[in-house]
Each structure stands twice: as C-alpha cells, then as structure tokens.
Amino acid sequence: MDYLSILFAVLILGGIAILFGTLLALVSRVFAVEKDERYENVVELLPGANCGGCGFAGCSNLAEALVAGDAPITACPVAKQEAREKIAEVLGITLTRNERLQAIVRCSGGDRCGKKFDYVGAKDCHAANRLAGGHIECQYGCLGLGSCVASCAFDALHLVNGVAVVDHDKCTGCLKCVKTCPRNIIVPIPYTADVNVACSSHDKGADLRKICEIGCIGCKICEKNCPEGAITVEDNLASINYDKCTTCGICAEKCPRHLIINAKLLDLYPDKGY
Amino acid sequence: MTITQILSLAISAILIENFVLVKFLGICPFLGVSKKSDTAVGMGVAVTFVMTVASAVTYLVDHFMLRPLGLEYLQTISFILVIAALVQIVEMVMQKTLPALHKSLGIYLPLITTNCAVLGAALLNAQNDYTFIASVVYGLAAGLGFMLAIVLFANVRERLEFADYPKAFEGFPIALVTAALISLAFMGFNGMKIF
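Protein chains in written order, with my numbering: chain A, 9 to 282; chain S, 4 to 198.
The set of hints was computed from the structure by calculation and includes no laboratory data. Zero decoy hints are in this set.
No more than 30 Å apart at the CA atoms, straight line, and that leaves these computed lysine-lysine pairs for DSSO-like:
(1) A/123 with A/218
(2) A/218 with A/232
(3) A/124 with S/170
(4) S/38 with A/187
(5) A/123 with A/228
(6) S/26 with S/38
(7) A/262 with A/218
(8) S/99 with A/43
(9) A/187 with S/170
(10) A/228 with A/262
(11) A/218 with A/228
(12) S/39 with S/170
(13) S/170 with A/131
(14) A/218 with A/124
(15) A/123 with A/187
(16) A/94 with S/106
(17) A/262 with A/252
(18) A/43 with S/106
(19) A/94 with A/43
(20) A/123 with A/212
(21) A/187 with S/39
(22) A/124 with A/228
(23) A/212 with A/228
(24) A/124 with A/187
Bound conformation, chain A alone (with noise of 0.2 Å):
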C-alpha cells in the first residue's frame, strides 16, 4: 500500500479546497456589494414564512420588491398591523389601507349533514368530489376530509364534526386553504369581521332540511333583525356586507339554525364543538 497516494491525494483535495476558499473569501471582501440597509430591516420585519402569499418567490424576494418600490407593503397578506406599520416606517412611507384577511368555513354540515355513500378513497377534498360529486348529500358543503388543513402552513385550520373550521387567532390571512378548497366554500373576509354566514347552500329550505341538519334555509329572520341592513338572503342563502357590518352578532343570536357564528359569542353554543 502506497502511503504517499493517499498523502498527496488529501494534499491535492485540501490544497485546492483551501485554495477556492480563500478566494472565495477575498473575493467576497473585495467585491462586497453594499446592501440597502432598509433591506435587512424589512426582511426581518416580514413574517419568514417564506409562504409565497405575496406572489413572490419568499419573504426576502417581497423585501427587496418593497425596498424598490414595486410590491405594496400590503402585498404580504401574513404581516400583522403593527409589522406593516413598521415596515411602512423603515421604508419611510404611510400605510393607508387595513387590508388584513382572514379565511372562514362557509359551511357547518360535517357530521350533520347526509351522506350519499361511505367514501373510503384517499383521504383528499379534491379526489371525494370528483367521484360522484362528492358523498355528501350538499352539493355545496364541507367534504371534511382536510385538504385545506393540511395546505395551512400556519395550524389554523382543523377538521371539528367532521366540517373544517379555522382558527381565527392564527389565521394569517395567507388564504391558501381559499386556494385548495375544491367547492370552494372558504373564503376571505375582513380579518376584523367576527360574524360569519358558515353556510354555502342554494338549496330551498324544505329541500335543504331533508339533508342537512343546520344549513341555511333562507327563511330572512337574520336580515330583518340587521340594523345596519348589511344581510341579504338571494337565492335561499344569507350573506354579510362586511362593509356595512358593525359585528353586533344580532343576526347570530337571531338565527333559528345557528348556523351564522359569532366569534365574540363560540362560548354560547358549546354543544356545536367550535
């Protein structure tokens, strides 16, 4: 066995290792390109998540379109309020707009709500629905098998009753579950909005009771009881202007169903699981 092969092999590698490293040193010394120091600021700034939210391809990409001005600081749909105001200040710039999001379930079916068949495929929203149009009965609501949970980055979203519902504490507003749910029944709404319709139904009441044990009849007690005027029931289903809503939870306490959810009031309604 040759020794000095092997020497001179670990010479050779090192050498050249130490070589290239030192070069590489020097030439990051030498030639050191001088970062916008707002940079470094607004990228610890942002949330790290690296979700892709903003279109770009992570947080630090977003940081440097903010620090050239090509991307507005709302452009991160994770930030909190405070972060943008902080970002907005490094960059010396005013925010104007409070445009923060937050994702939630139009649908509380889950477990009450009929099914058609057993599905026993894939655990995926997205694999149940196109068999058959999905095994519930609702050709609206929540299939319940969780893709939306597991596209949440941030644990917000869990299966309860067999219907997802989303945290509202840690919803970032990212809106990547409104992305993946295949009926698209999450949707985004005013981070500040603390009551919800949670039902997509079209249905007709009386065809709607016979499969569903909470959904939306349209029966109009919740937009008659509104005093901002803010509920419409159109085609057998309510919805919020969240422009006008002042959150009162009226409508919530009003609802014969209970299926119109007010944050501020879950405790209420313990037997719904929320």
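With chain A held as given, fit chain S onto it using these hints.
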C-alpha cells in the same frame, strides 16, 4: 489541433452530440426553466458561460494538479468543488461589476453550480484528452447546444399553451412527449457524424 478539427468538435457538441437531447445531461433545468422563452434564454446564457469557464479551469486543475500525481480518480470530486467555488466567485464579481447582467442571470447562476451538464462537460474533456483550446471550445459549444435545446423547447412549450391536447397530458406529460420528439429530430444529425 487544426482549425477544422476544432470546428467539427464544436458542431458535433452543438448538434450531433447535443448535451440535452442526445446525451441526456442537464435534464432538470431543461424541464424546469423552459416554460417561458426569455427565462430559457437566461438559463442558456448562464449555462454557456459557466461551462466555458469551468472547462478552462478544470483543464488546468486536471493537467497541473491531478495528472502529474496520478490522481485522475479525484476528477469528479475536485471538479465539483472547483465548479461550485468558481460559480460563487463569478457571481460575486458580477454582482459588483456588472449588476445588470447579474440581475438578468439572477437565480440561474447559483442554480447551475452542481448541474450535471457542466460537470459532464468537464469530465468529457478530461476523458477525451482534449487540449486546452479544444476543452474551452467544447465547453462553449456544449453550452450553446444546451441553449439551443432549451430555447427551442421553451418556444414549443409556449405554443403548447394554445394547443388542443387531451387534458390528461396537461403539464409534464406533454412536455416530456415534446422533448422526446425534439430529441428524435436531433437524432437525424447522427448521419453527419464527423468523427
């Protein structure tokens, strides 16, 4: 090496033994960055540039460090090391001196540090015992061949957006079918084999 030999080496590397379509090296960027023709051009330029420089430097490393000591078996590992370091250095220098070019090459430069096409060019140079000039020409031509392939492919893929093919083929399946067809077309160059 005469001028004719070098010329035929170049043509061979670009068309007859195209790195992507005949040797099947560098498939990852070929499929990954070929959705739009302008990004494909960016990637092609970056690969060509890195391949040329890498061919020159690895020739020097091979001939003045490895061969005199009989350490040819270290070629692969030392070439990877050299290419990776080289690309980093080039990127830093470029960022300082040619910011515009750096921006247009952007993410592609670091992406190809460990590209198998670049390493392949360096290793083939060593295996075929090319001279320094031949090595550099081979690297350049292989890079140009890569650029030709990826730009052609990207243009076809752009047109595919409007093509009417079965839905099951959407995305990668149709891309792979297209790549196979282009590859078949390049097989036609086999007839003009110069060596």
